[in-house]
Structures are given as C-alpha cells and as structure tokens.
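J.: The primary structure of each chain is shown beneath.
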Amino acid sequence: MMQPGLYHLLFISAALFFIGIYGFFTRRNLITMLMSIELILNSVNLNFIAFNKYLWPHKMDGLFFTVFIIAIAAAEAAVAIAIIINLYRSHNSIDVENAEELKY
Amino acid sequence: MNLGLQIALIPLLPLAGFVLLGLFGRKYLKKSSGIIGTILLLASTVLALYTAYEYFFVYGKVAGAYQKFVPLSYTWLEFSKGVSIDMGILLDPISVMMLVVVTFVSLMVHIYSLGYMKGEERFPTYYSFLGLFTFSMLGLVISSNLFQIYIFWELVGVSSFLLIGYYYNKPSAVAACKKAFIVTRFADLGFLIGILILSYSSGTLDFNTLISTLTSSGTGQAKAVASTFLGASAVTWGAALVFIGGAGKSAMFPLHIWLPDAMEGPTPVSALIHAATMVVAGVFLVARLFPVFSITTPGVLEIVGWVGAISAIIAAIIACTQTDIKRVLAYSTMSQIGFMMFALGVSKYGGEAGLGYTASMFHLFTHAMFKALLFLGAGAVIHYIHSNEMKDMGGLRKYLPITHITFLIACLAIAGVPPFAGFFSKEEILLAAYHNNPAIYWIALFTSGLTAFYMFRLYFSIFWNKEHHPHGEKQSEGGFSMMIPLILLAIGAAAAGFIPFGKYVSTDGTVLESHFDLQFSALPVAVGLAGIFIAMWLYRKESERPGKLTASIYSIYKTAYNKFYIDEIYTFITKKIIFNLIGKPAAWFDKNVVDGLVNLTGKATAEVSEDIKKVQSGKVQQYAIYFLVGVIGLAVLFIYIWK
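Going line by line, the protein sequences match chains A and B.
Going by our numbering, the first residue of the first sequence is number 30, and it counts up by one from there.
Going by our numbering, the first residue of the second sequence is number 43, and it counts up by one from there.
Read the hints as simulated data drawn from the structure, not as lab findings.
Among the clues, some could well be false.
If the Cβ cut is set under 8 Å, some of the chain B residues that face chain A in the computed set are [said to hold, decoys possible]:
id : residue
1  : 234
2  : 552
3  : 553
4  : 655
5  : 660
6  : 661
Rough simulated footprint, nothing fancy, chain B against chain A, three-plus residues with beta-carbon under 8 Å [claimed, not checked]:
id : region
7  : 46-54
8  : 119-130
None of the values given here were measured: they were computed from a predicted structure.
Even for Gly, the Cβ is constructed at its ideal location relative to N, Cα and C.
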C-alpha cells in the first residue's frame with residue numbers, strides 16, 4: 030500500500046476548502062452554512078498537520094495550532110448555533126434570505 | 043492731579059455713565075438715570091473748563107505761542123518699529139476749545155432732556171446713549187493720532203445711529219438712522235484709505251510727527267510727493283480722501299442727504315449731535331490736519347473751500363422752502379458748516395493769512411451755542427404744539443415767552459446782527475474770504491442774506507403770523523430743566539462773540555489780532571438786515587404775500603422744496619444704475635455660479651451615494667463574496683505583482 034505524501038494531503042485540504050466555500054455561497058440554510066465553515070476550518074487544520082509532519086517533523090507548532098483551532102471552532106459553533114436559534118425564534122425560519130433587515 | 047489723568051477723566055466719566063446706565067438703568071435706575079448722567083457730565087464739564095483755564099492761562103503758552111502737548115500716550119498696537127497705534131491725548135488750542143464746547147452743549151442737552159424726555163419708556167437707555175456719544179466725541183477731539191481719531195469717529199457714527207433710531211418703532215426713524223449710518227460709512231471708507239495713504243507716505247500715524255514730516259521739506263515729504271497716481275501725488279490723494287470722510291460726517295454736498303432725515307431723532311439729540319458736535323467733526327478733522335492741507339496740498343484745500351461754499355448756498359436755498367422747522371434748522375446747520383469749511387479753504391498757514399482758520403474755529407464755537415439754542419428752542423415749541431410743521435404754529439410769543447426771547451437771540455446771532463456772537467465769527471469768515479477768494483466771498487455774502495431770511499421766516503412763522511388758539515387745558519412752557527439750558531445758551535449766543543478768539547486759536551499758536559473794519563462790516567450787516575426785513579414783510583402777519591411770491595417763481599420754488607432732487611438722484615443712481623448694472627449681475631453670478639458649484643458637489647455626492655449604498659444589501663453571502671474577492675485580489679497582488 031502506498032504511503033500518502035505531502036501533496037496528497039494538500040490536495041485533500043484544498044478540496045475540502047473549496048467544498049466549504051462552495052457550500053457557504055450556495056446553501057441558504059444557516060446550519061448547512063455553519064457546516065461549510067467547519068469544513069473550511071478543518072481544511073486549514075489538515076494543512077497545519079501536513080506541513081508539520083513533512084517539513085518540520087521535530088517541531089510541534091502545527092499540532093498546537095490545530096488543537097487551538099479545534100477549541101475555538103467549538104466555541105464558535107456554540108455561538109453560531111445560539112444566534113441561529115434566536116433567529117429562528119424571531120423569524121420562524123433559518124433561511125439566510127429571510128434575515129435581510131440589516132441593510133441601508 | 044496728574045494732567046493726563048485729569049484730561050482722560052473728561053471722556054471717561056460719560057463712558058462710566060454709559061456702562062452704568064446701560065447695564066443697570068432699565069432695572070434699578072429707572073427714575074434716577076437722568077440725574078446720574080447729568081451729574082457725571084457736570085463733573086466732566088467742570089474738568090474741561092478747568093483744563094481750558096489752565097491751558098490757555100497757565101501753562102499752554104511757551105515763548106509767545108500755544109504749544110501742542112501730549113500728556114498721555116500709550117502704545118496699543120505695535121506693527122513694526124516706529125509704526126504703532128497709540129492711545130493718547132493731544133492738547134492744543136482747538137482740542138481744548140472742543141472739549142469745552144462738547145461738554146458744555148452736552149451738559150445743556152442732558153439737563154434739557156430731563157424735562158423733554160420725561161416719561162419716556164426707554165429713558166435710561168436714552169441717557170446711556172447720550173453718555174456713549176459724549177464719550178466718543180470727547181475721545182475724538184483729544185485723539186493724538188489718525189487711527190485713534192478713526193476709532194472714535196466710528197464710535198460717534200454708531201452712537202449717532204443709535205440716537206437717531208431712538209424711536210425704533212417709527213419706520214421713518216429707522217430708515218433715517220440707516221441712511222445716516224450708511225452714507226457716513228460710505229464716506230468713512232474714503233477716510234480709511236486716506237489714513238492708510240497718509241500714514242504710509244509719512245511712516246507714522248501720530249499727528250505731530252505726521253504733520254512735521256509732511257510739511258517740512260525733507261526726505262519724508264519728497265517721498266510722499268514723488269509717488270503719483272492719476273496725475274496727483276500720494277499725499278494729495280490721502281488728503282482728499284480724508285476730506286471725503288470729513289465731508290460725509292459734516293454733511294457737505296453731495297454727502298449731506300443723511301442730515302435732514304436725521305431729524306427723526308429726539309430734538310435734544312439733534313441739538314447735540316446734528317448741530318453742535320458731531321457734524322463739526324469733519325471741520326475739526328480738516329483743522330487738525332490743516333498744516334498738511336495748506337502747505338503740502340493747497341489744491342485739496344481749494345476743493346475744501348469750494349465744497350464748503352457750494353454746500354452753504356445750496357443748503358440755504360433749500361432751507362428757505364422747507365416747512366418742517368427741524369428740517370429748516372438742519373439745512374441751516376449744513377449751511378453754517380459750509381461756512382466753516384470754506385473758511386478753512388480760504389485760509390493759509392501762519393500769521394495774518396491764517397485768519398480763515400481762526401474764523402472757522404470761532405464760528406464753530408459760536409455756532410455750537412446758537413444752533414444748540416435754536417434746536418432746544420424748537421424742541422420746546424414742538425413739545426408745546428406736538429407738531430413739527432410750521433403751518434400748525436403761529437402767535438406763540440405770548441404762550442412761550444422765554445423760548446421766544448431766547449429763540450430771537452439765537453436768530454439774531456445766526457443772522458449776523460451785531461453785537462451777537464454770530465456777527466463776529468461771520469465777519470471774520472467773510473473778511474478771510476474777501477482777501478483770498480472773492481468768488482467765494484460773494485457766494486458767502488448772498489448766503490448770509492439768505493440765512494437771515496430763512497431764520498426770520500422761521501421765527502415769524504412760529505411766534506407771530508396768525509393768532510394761536512390754545513385748545514384743551516392750558517399747557518406750560520416746559521419745566522425748569524428745559525428753560526435753564528435755553529437761558530444759559532442764550533447768554534452764550536449773545537456774548538460769545540466778545541471772546542478775543544484770535545488770541546487763543548490760530549494756525550501756528552501765535553496771537554492773531556482781529557480788527558474790525560466798520561466799512562467792511564457794513565455790507566454784510568446790511569444784507570443780513572435786508573433778509574430780516576423781507577422775512578418780516580412776508581411772514582409777520584398772515585397774508586397772501588408768501589403764496590404769491592412762491593407762485594411767481596414756482597419752478598424754482600418747487601426745485602428747492604424738493605431739495606434739488608438730490609435724494610432722487612441718489613435713488614436713481616443706487617436703484618437704477620448700481621442695483622441693475624452691478625447688483626443684479628452679481629446676484630445672478632452668486633445664485634447660479636457660486637451656489638451652483640456648491641449645489642453641484644452636494645448633488646454629485648447624493649447621486650454617488652445613492653448608487654453605492656446598494657452594496658450594503660443585508661445579504662450575508664454577498665458580503666462573503668466581496669470578502670473572498672478581496673482576499674483573492676490581495677493574494678494575487680502580493681504573489682504576482684508586488685514581489
């Protein structure tokens with residue numbers, strides 16, 4: 030079985046990133062959008078791990094950053110879900126196109 | 043007491059009155075404000091008389107000539123070394139004389155107003171304005187430099203504006219005060235430019251230095267004469283422009299149009315400002331700079347003389363036809379100031395040739411007495427009749443005995459009947475004109491005949507003519523406070539002529555012996571008496587004669603009655619020419635170009651913002667796209683372009 034190299038990992042990371050971007054721009058459901066953001070974050074995490082392992086295998090910086098990002102992503106998800114719940118209570122919907130009051 | 047302080051107190055006391063009554067008068071000093079103002083002015087008058095006594099008899103004369111003193115000088119604004127605006131006091135015979143005239147007449151008016159203005163709603167305000175005016179006028183006469191005199195000049199203008207517009211709910215008074223202010227302001231523009239030219243060419247603002255630089259031949263004078271503009275030297279232009287300022291304030295033709303309208307103010311104010319003090323400021327100014335006028339720019343002095351003579355005769359002709367008694371007096375004032383002006387104009391500097399200068403100052407002094415008296419007397423008549431119109435009067439001699447006698451004295455004085463004051467001063471003026479400019483002399487002689495005629499027309503129309511039938515309750519002549527000033531001024535008008543004026547006031551400070559020539563005096567006196575008799579024949583009894591006379595010379599009468607249409611000419615020039623040719627295009631430019639530019643920027647901003655505000659759509663995903671595009675753009679920028 031072939032050992033995966035740096036480029037494989039970077040390819041997967043880039044794919045995840047653009048899937049996340051695509052999802053964020055095309056979906057109207059806020060939960061799905063949140064999920065897309067998680068994909069983007071995790072693609073970044075994968076980048077950190079890959080560079081750490083293949084370029085500076087004796088250092089731990091990439092790992093630490095990943096752990097931080099996971100913790101912050103959890104907190105961010107909690108905040109985002111709280112916002113979505115409040116939006117649902119006031120608008121009876123979590124469609125992003127129904128929340129357009131904040132404009133000129 | 044320190045001399046500087048003593049003289050500074052003379053104007054500062056009325057100023058204190060102005061501040062005190064202006065701030066607290068309406069609330070706390072409603073009744074006593076008149077008394078307070080009068081007492082402060084009495085103190086000023088006493089100080090002024092004391093100063094005059096000391097100057098003329100104790101320390102003023104050094105080596106046979108009256109000297110100029112500067113007892114107080116304080117540098118107020120320094121522009122550069124040598125050029126500064128000072129606040130100072132200049133004592134010389136004319137400033138000391140003016141101190142006495144201004145404080146005395148002002149005191150008379152203060153006392154008179156106690157009775158005349160009693161019961162007025164804004165009594166304290168009136169007295170505070172009087173204080174402001176007296177302060178400004180006194181400051182003007184003791185000014186030691188050109189800029190200081192300009193400051194007080196404007197203050198005088200403002201206080202005159204306030205006093206003319208005292209009855210501010212009367213539209214005619216409001217229009218009159220605006221007219222007076224604008225016309226004199228217009229003339230003051232000339233004055234200011236003149237000051238700048240004179241001070242630039244002499245390098246100083248101080249009177250003494252300025253006069254000595256410009257009159258003694260040296261580098262200063264050479265420089266001032268050398269630089270020319272439109273064929274006249276800088277100093278000529280400066281002197282002419284200063285004279286325009288003086289002509290505006292002194293109501294000289296053609297800037298006189300404000301004076302008759304200024305009679306809308308209370309009558310005592312007319313007596314103070316528009317007869318005895320402010321209107322002679324122009325004469326005073328020319329006299330103050332007289333050495334410059336006569337030695338350096340004799341051409342301008344010639345203009346002064348002719349402007350004075352023309353004003354004198356025009357005003358006298360108009361005065362013969364007016365029916366409002368205050369307007370007659372206003373034109374008479376203008377005519378008499380014309381006398382003072384041309385007396386300066388025909389004078390020369392130094393010795394016997396300076397007779398015109400002495401005569402002019404002498405006439406200023408005596409005129410202040412009898413013209414203030416005439417105005418106050420007219421005030422008493424108006425107070426009694428409640429009308430300004432001559433046709434409402436007549437036969438008042440029994441009802442107003444004191445006013446009648448004092449008015450008669452003043453009329454005799456102004457008509458130049460010996461031995462009243464006007465005779466002496468007018469004789470000197472005529473004598474000076476006779477020797478220097480015969481053309482002006484003949485104009486002046488004719489004018490003095492007219493003067494006698496219109497004054498006695500006024501006198502007979504008020505006190506004789508038809509019978510007076512008092513209706514309603516019997517009225518008194520006015521209180522004690524109104525009669526005292528009349529009597530005091532009548533004494534002045536009767537006796538002031540006996541002051542040997544030439545001993546005290548002359549161009550160079552030395553004694554000028556005035557000698558009367560009976561043969562010379564005969565003609566003017568005869569002309570004056572002829573004027574009086576014609577007036578008596580026409581107006582002593584109610585008759586058809588005046589009507590027939592006016593009918594026979596109707597077109598001339600009509601022209602004079604309408605003041606030679608000078609007001610109409612002004613209206614034509616301002617309304618038709620200035621408004622249409624300058625004002626309207628300027629307004630168009632302002633509305634379309636200036637406002638258009640401002641509106642264009644506003645409109646452009648509004649349009650652009652209308653378009654770009656749609657960026658803020660409220661759609662989260664759109665924002666995210668902007669953000670993404672921005673990030674990609676920056677990435678491209680940093681990776682490929684900005685290496």
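J.: For each hint, tell me whether it holds in the structure or not.
T.: Do the hints match the structure? See the list:
no. : hint    : in the structure
1   : 234     : 56 Å, violated
2   : 552     : 89 Å, violated
3   : 553     : 92 Å, violated
4   : 655     : 4 Å, holds
5   : 660     : 3 Å, holds
6   : 661     : 6 Å, holds
7   : 46-54   : holds (count 3)
8   : 119-130 : holds (count 5)
Hints 1, 2 and 3, counting from the list given before, are not met by this structure.
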